[in-house]
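As they're listed, the protein sequences go chains A and B. Take any residue in the first sequence, note its place counting from 1, add 54, and you have its number in my numbering. Take any residue in the second sequence, note its place counting from 1, add 297, and you have its number in my numbering.
Read the hints as simulated data drawn from the structure, not as lab findings. Glycine residues also receive a C-beta, built at the ideal position from the N, C-alpha and C atoms. Incorrect hints may have been included.
[Unchecked claim] Cβ pair distances, simulated, as ranges:
hint	chain 1	residue 1	chain 2	residue 2	range
1	B	443	A	256	15 to 25 angstroms
2	A	190	B	400	35 to 45 angstroms
3	B	431	A	180	53 to 63 angstroms
4	B	354	A	168	46 to 56 angstroms
5	B	733	A	210	30 to 40 angstroms
6	A	130	B	462	42 to 52 angstroms
7	A	190	B	402	41 to 51 angstroms
8	A	195	B	806	41 to 51 angstroms
9	A	124	B	443	40 to 50 angstroms
10	B	363	A	124	37 to 47 angstroms
11	A	180	B	362	43 to 53 angstroms
12	B	477	A	124	39 to 49 angstroms
13	A	167	B	705	28 to 38 angstroms
14	B	699	A	175	21 to 31 angstroms
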Amino acid sequence: MAEQRREALKIIGAVGSTCAFPFSADELYGQHAHGADAAPAAVPAHPRFFSAAEFETVSRLADLIIPATSTPGALAAGVPAYIDFTATNNAQSGKLLREGIAWLDRAASKQGKARFVDLEESAQVALLDPLCKAADKAPAFTGPRGGGLKARPAWKAPIEVRFFRAVKSLAADGFFTSKHGLVDTLRYSGNTVRGEFPECIHEH
Amino acid sequence: MASKVHDIVIVGSGAAGGTLAAHLAHGGVDVGIVEGGPPIDTRTAFNTHALPFHFPNRHIPTMKPGKSGFHSERARGVGGKTLTWNAVAWRFSQRDFKGRTFDGAGEDWPIDYADLAPYYTKVEREIGVCGNRDGLEDLPDGDFLPPVPMKCTDVAVMKGAAKLGVKVIHVRKATLSRPKFGRPSCHFCGNCMAGCDVVAKYNSADVHLRPAMKTGKLTVYSDAVVREVVVNGDNRATGIRYLNRETGSEGEVMGRGVVVCCACVQSVALLLMSKSARYPVGLANSSGHLGKHFIPHLMGGVQCFLREFIGKEPANDEGFLDHAYVPSFMHTRKRDYARSFGVQFNYQNRRSVGWARSLPGFGKQYKESVAARYPAFLTFSPYGEMLPNPKSFIDLDPGQKDAHGLPAARRHVHWGANDLKVFDDMTKWSVRILESAGADILTVSDEPRTNHELGGARMGSDPRTSVVNRFCQTHDVKNLFVVDGSVFPSASEKNPTHTIMALAARTADHIQERLRKGEL
């Protein structure tokens with residue numbers, strides 16, 4: 055067991071992600087690897103919940119919500135696969151997403167296109183804009199309350215608005231926890247070894 | 298295994314059990330400590346340095362694959378919740394022990410600050426607590442290692458609070474700010490509550506139990522889920538019975554005395570389960586007060602962006618989570634409620650960005666707006682003291698059984714009028730302080746949440762209205778003790794662990810004295 059542990063700790067990452075403490079009391083304090091450089095979890099090649107057509111729509115929505123800018127966007131970050139993963143594991147969420155995609159396709163058919171993905175980008179954005187505005191008005195806190203508190207009034211919104219809110223939430227969660235989101239876009243720089251914590255020397 | 302009779306059997310290996318076991322073993326007392334979970338190698342078992350994108354669901358599990366331990370709400374593993382705590386270590390003040398005397402509501406403790414002060418010091422000297430000596434009457438100073446500097450965003454909050462006459466101080470934590478005790482100092486990797494893999498942060502398994510085992514006086518029984526404290530015909534506790542966590546096979550550990558240290562709800566549940574002809578409604582429950590007076594901390598929450606940091610270069614400022622604290626100030630001001638609150642803040646971890654979904658819009662602007670606000674995001678969590686009420690208690694579920702076939706414990710929480718006044722005022726003050734510091738408020742929680750489970754086996758002088766006496770000894774059974782948050786008659790607004798450890802150290806002294814006199 056002790057041998058195994060030592061073996062595991064010999065794995066040393068790139069410079070800057072490993073710390074070395076000058077302590078002899080316990081050799082295990084000496085070196086330990088920080089895992090920030092480990093590869094991201096693999097993205098499956100095919101969706102498990104969505105059909106190919108549905109997945110195409112989810113991908114288009116993710117791209118519209120978080121596009122590539124000076125940094126990669128939702129598509130490069132594997133957000134559609136993350137949304138598929140969530141839908142696979144949450145029947146309620148899966149049902150809402152599926153109904154929402156069907157709603158978008160019906161809206162597209164009123165404009166003479168078979169599916170949402172067939173619309174011009176400007177028409178797609180025009181369709182989503184009012185949904186987003188309505189979804190942004192949703193209360194931050196929903197759900198039942200306990201402990202003798204008065205119940206909150208339920209958030210009543212049409213299916214397409216609840217759908218947009220769900221897709222945007224999943225896209226945000228999926229993107230900003232991805233390497234492209236957290237490290238490339240937000241420039242997360244933690245999970246390191248620092249000899250001391252710096253004093254604030256700025257004017258506030 | 299049952300043939301050996303220990304001097305003392307301790308149930309639970311967290312802050313209380315670990316401290317107690319170490320103090321007793323070093324004092325020459327033979328101790329058996331029984332823990333429901335597995336032994337945990339703190340160097341290699343935790344996902345301390347993982348990032349969310351290493352997992353398909355973007356959620357970082359506490360344990361590495363194949364390592365058992367902290368998968369459920371109830372912490373099971375040698376070291377208990379000290380393995381995943383945030384290490385905040387306040388001393389309570391005389392006001393906290395004498396709440397009823399101070400503002401006429403709730404209960405007084407049967408002990409004073411002076412009774413615990415030497416034990417706070419003892420604990421600080423053996424585990425290492427960093428902090429500043431602020432000279433506040435309500436937050437007594439201790440034997441501290443140097444404080445860790447505040448974050449830039451903390452300094453901004455401190456200046457905003459100062460405009461309102463509210464003080465912000467350095468946090469005090471049982472985490473080393475200097476190398477000591479053969480342990481390295483903190484290296485600010487920013488994920489303390491996922492388990493510290495160098496033991497810069499105190500945990501009872503590495504800091505208390507491992508050294509104590511070298512005395513030869515301490516036996517650790519792990520994976521042993523205790524189902525009953527056994528009491529004989531002479532009204533003496535004789536040991537415990539357990540189920541092996543994996544096989545379900547039964548076992549027992551015998552002792553001349555038993556101490557229950559399983560963290561509030563589980564301690565109360567164990568005593569309620571330990572029924573006998575003499576104690577038909579639960580062991581040490583002749584008062585009928587076991588399970589009552591459940592007083593967890595009530596917690597609020599405000600999320601905001603400090604305007605001066607919007608669009609600035611993101612800092613590597615996860616540090617050791619929160620570096621600063623707003624100590625109670627309302628206890629000295631005019632208010633229409635009893636008790637007070639303090640605020641823990643800026644302990645969010647920058648590797649999760651759950652707030653991003655709450656910003657408006659979509660597309661390029663939305664993405665840029667999240668990125669611009671990332672360095673400016675801050676959470677504020679006021680903690681208030683709850684008063685006991687008859688609708689807040691712990692009991693056993695008559696229907697539901699846990700994985701071991703034991704009755705599941707239930708928590709009932711009802712907010713009283715005073716609790717809601719505390720909640721409203723601490724939320725109002727949080728917003729006021731943040732706005733004074735130049736913040737845009739994102740969300741304000743409109744409902745108290747609970748944290749730090751306390752009460753249920755309260756300490757008191759009157760055996761008719763309390764479960765244990767001033768030495769954590771049950772009124773009913775002389776060689777049975779309870780040491781953890783369950784004995785708190787009033788909760789304070791301050792994080793409880795340091796007080797739990799000081800109580801454990803004091804109880805260890807008391808037990809040794811009783812053993813010397815042959816009274817146990």
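For residue 699 of chain B and residue 175 of chain A, compare the CB-CB distance with the range 21 to 31 angstroms and indicate the outcome.
-> Between residue 699 of chain B and residue 175 of chain A, where Cβ atoms are some 54 angstroms apart, the hint is violated.
Quiz item: Do the beta carbons of residue 477 of chain B and residue 124 of chain A sit within 39 to 49 angstroms of each other?
Solution: holds (46 angstroms)
message: Tell me if the beta carbons of residue 180 of chain A and residue 362 of chain B are separated by a distance inside 43 to 53 angstroms.
response: holds (47 angstroms)
**Message:** A range of 41 to 51 angstroms was offered for this pair. Does it hold for the Cβ distance of residue 190 of chain A and residue 402 of chain B?
**Reply:** For residue 402 of chain B against residue 190 of chain A, whose Cβ atoms are near 43 angstroms apart, the range 41 to 51 angstroms holds.
- Between residue 190 of chain A and residue 400 of chain B, does the beta-carbon spacing fit 35 to 45 angstroms? holds (43 angstroms)
Within 53 to 63 angstroms: is that where the Cβ-Cβ distance between residue 431 of chain B and residue 180 of chain A falls? holds (58 angstroms)
Is it true that the C-beta distance of residue 354 of chain B to residue 168 of chain A lies inside 46 to 56 angstroms, as the hint says? Violated, at about 33 angstroms.
At the C-beta level, are residue 195 of chain A and residue 806 of chain B separated by a distance inside 41 to 51 angstroms?
holds (47 angstroms)
Between residue 443 of chain B and residue 256 of chain A, is the Cβ distance one that fits in 15 to 25 angstroms? holds (22 angstroms)
Exercise for review: Confirm or reject the claim that residue 130 of chain A and residue 462 of chain B have a C-beta distance inside 42 to 52 angstroms.
Suggested key: About 50 angstroms separates the Cβ atoms of residue 130 of chain A and residue 462 of chain B, which means 42 to 52 angstroms holds.
message: A range of 28 to 38 angstroms was offered for this pair. Does it hold for the Cβ distance of residue 167 of chain A and residue 705 of chain B?
response: violated (55 angstroms)
Does the hinted range 40 to 50 angstroms hold for residue 124 of chain A and residue 443 of chain B at CB?
holds (42 angstroms)
Checked against the numbered hints above, the structure breaks hints 4, 13 and 14 and satisfies the rest.
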